[in-house]
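Keeping their order, the protein sequence lines are chains A and B. The first sequence: position 547 = 547 (UniProt numbering), numbered continuously. The second sequence: position 8 = 8 (UniProt numbering), numbered continuously.
Think of the hints as simulated: they come from the structure by calculation, not from any bench. In this text, all values refer to a predicted model and were calculated from it rather than measured experimentally. Backbone N, C-alpha and C define an ideal beta-carbon position, used for all residues, glycine too. A few of these clues could be false.
Covered stretches of chain B (chain A as the covering partner; in silico rule of three or more C-beta atoms under 8 Å from a C-beta of chain A) [stated by the list, open to error]:
| # | region |
| --- | --- |
| 1 | 68–77 |
| 2 | 145–155 |
As a list, the in silico BS3-like pairs of lysine-lysine whose alpha-carbon atoms are at most 27 Å apart [unchecked claim]:
| # | chain 1 | residue 1 | chain 2 | residue 2 |
| --- | --- | --- | --- | --- |
| 3 | A | 490 | A | 567 |
| 4 | A | 190 | B | 55 |
| 5 | A | 190 | B | 62 |
| 6 | A | 133 | B | 66 |
| 7 | A | 517 | A | 386 |
| 8 | B | 55 | A | 293 |
| 9 | B | 72 | A | 326 |
| 10 | B | 55 | B | 161 |
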Amino acid sequence: MKMMSGAAMVVEALKEVGVTHLFGYPGGAVLDIYDALHAQDDIKHVLVRHEQAAAHMADGYARATGKTGAVLVTSGPGATNTITGIATAFMDSIPMVILSGQVPSMHIGEDAFQECDMVGISRPVVKHSFLVKKAEDIPMAIAKAFYIANTGRPGPVVVDLPKDIVNVQDSHPYVFPDDVTMRSYNPTLKGHNKQIKKAVASMLKAQRPVLYVGGGAIVAEAGAYVTQLAELLHAPVCSTLMGLGAFSSVHPQFVGMLGMHGTLEANKTMHNSDCIIALGSRFDDRVTNNVDKFCPHADIIHVDIDPASISKIVNAHIPVVGSVDKVVLQMLELLADADFTNQEQKVADWWQQIEEWRSKKCLQFDQSSQVIKPQKVIQSLYEHTKGDAYVSSDVGQHQMFAALYYPFAKPRRWINSGGLGTMGFGLPAAMGVQFAYPDAVSVVVTGDGSIQMNIQELSTCLQYGLPIKIISLNNRALGMVRQWQDMNYKGRHSCSYMESMPDFVKLAEAYGHTGIKVDHLDDLDDAMARCFATPGLVFMDIMVDQNEHVYPMQIKYGAMDDMRLSKTERT
Amino acid sequence: MRRIISVLMENAPGALSRIVGVFSQRGFNVDSLCVAPTDDESLSRLTIITQGDDKVIEQITKQVNKLIDVLKIAELTEGPHIERELMLIKVGNKTELSRAEVKRNVDIFRARILDVNANNYTIEITGTSDKLCAFEDVMSQCGDIIESARTGVCGLARGDKALRP
Ligand SMILES: Cc1ncc(C[n+]2csc(CCOP(=O)(O)OP(=O)(O)O)c2C)c(N)n1
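For reference, chain A alone in the conformation it holds in the complex (with noise of 0.2 Å):
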């Protein structure tokens, strides 16, 4: 049996569950596992410049490749930084382990010294958490902690480690468990047969289907399935934020993304179905709009790992607990036996209707404006990029144009923060997109607002060599929050402007980085090449429209499909 430091069982455990890199940030109460990862090279440290980014990138790696992001942060401040971070991963279900530091366990209640309640501050935000009494179950926590954050729906996990247990003078024995099976944790992930077979044959006799695909599709890596599935029916697919990629946003078949922002066709799509096949969906505000006038002629077929999620806002009329690969495919089989000569024939009339909602052209902007618009950037973003960069967003305006205008072929290639929507995300997650794949293009679309959010990860970026392409769609606003006070408040904007903005050229260059700045959409193209010919790390300050609006939006209280087209028109 060997024998080691409480330190070097957490060092041995992490490498024993295949991390990578870890993101993290010293302090006195994790000194003894810096101490530790000092005597190794296996798995790469990263130093942030703030916790939260650690959790970020930690979440962009995860994203990513689908493998478990690592954290380690210091106790107190340490810890409570990453609370926006794990809040972050928890509502997209990204698996992540943060492992604290937590002051020595005698004096754990005495208000210690940086001492912090990680386990209850981060209670509602974690698939689970351990505080770890015994240095002998530093490696079963570990292991555990790895194995609930990345089965069934994904989540951050918490391990909290009292600095005495992970001392380097004492040893203790180091066994890492065979098998971490719990008997209070088995996720479903095949779907019962009773209800699949209800499924298909629901689907086989609806006119006008459509498939409304989430990130529980990325998650369970089924968009094969998922394709095939659409084909066999001739589904028109609809995606919400977090499912881009799963289905091609390239595909025929595809009809935009869905909800708040969604497209006019998607959403009039959905509205007038008559069988909704959902899957890793969560029929979330920002998609249903008014629940109660909500697709009001459609079965509703449920797939979610996720119990819970099931019939939580929507009652679905056929739910389905599975993981989606699991559950698609055994429609497919099902499905094998069925005839689909007619099938076509059966949704012409449908795809005539969608036709029609297409031809509208919901996504058209203004083409002869001289004032460069944010769409515009992105459009350009992707021609430069062929399509096939690894887009991080932030959060607000630049995140929706980003979403619509940038049609994802592959999934995971599309990292932003959906649920929580949290502004700060998109550059340390880039870093982790790039941290997991050095030779790949790694962009930020971020805005003047949100790149403020995190800037400081700039000097990591060049610690590491980060060649991170930074939009930055400078309107020199709160562009979102400026758009609602457009929409209602009358446009009295309340604090949604920016007074005294850095120069971000300068700024970038202080940081070691190039930075492009562009006033003029005629310099558009040729900056955004230079972007990308340029070694290292660019930032493009990109002067765009300040007025313009992100377009289609629901209506507030409508159906899904009651939305404003442009700054005049609605349906």
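Let chain A serve as the given structure and place chain B with the ligand on it in line with the hints.
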């Protein structure tokens, strides 16, 4: 509607706070909560009385069941079940008449006097919550209630049904 929800969970630190957290975070009511280890000491059994329509109860059971420490959950009020609650109540009685009245009602309700003092009795009573409330009412008529403590309801399904790991 009043519901009894029974939960079997790991007897682990923090498990209870997670359950209570689900209720407070999601705005569910807790009327009473009763928790203790079971015959298998690694497990705790928790009984919650709550209010809500079917949709709310469905969410409560699903959200609680989702917690990693929870093994099983059942709504006892869905089927035939037995429920009991225990109350300790201290009743002041200065007059002989009052003392006699209290004693008479203790017999009627099959309660038990546990402690006798010059000025008060401390009484134990078990039963359904309704019975306890009725007893409390009667006591307030024949004496002065000084204080009372109730355990909250615990219950089991009738017949072969059981909540086991
Ligand atoms: C941490 C945080 N604080 C506040 C908000 C509310 N909020 C949503 S969008 C937005 C404006 C974002 O401005 P900017 O980053 O400049 O993007 P734009 O909308 O202009 O594209 C704000 C303040 C938020 N989502 N996150």
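**Request:** Could you tell me which of the hints above the structure violates, numbers in ascending order?
**Result:** Violated: hint 2 alone.
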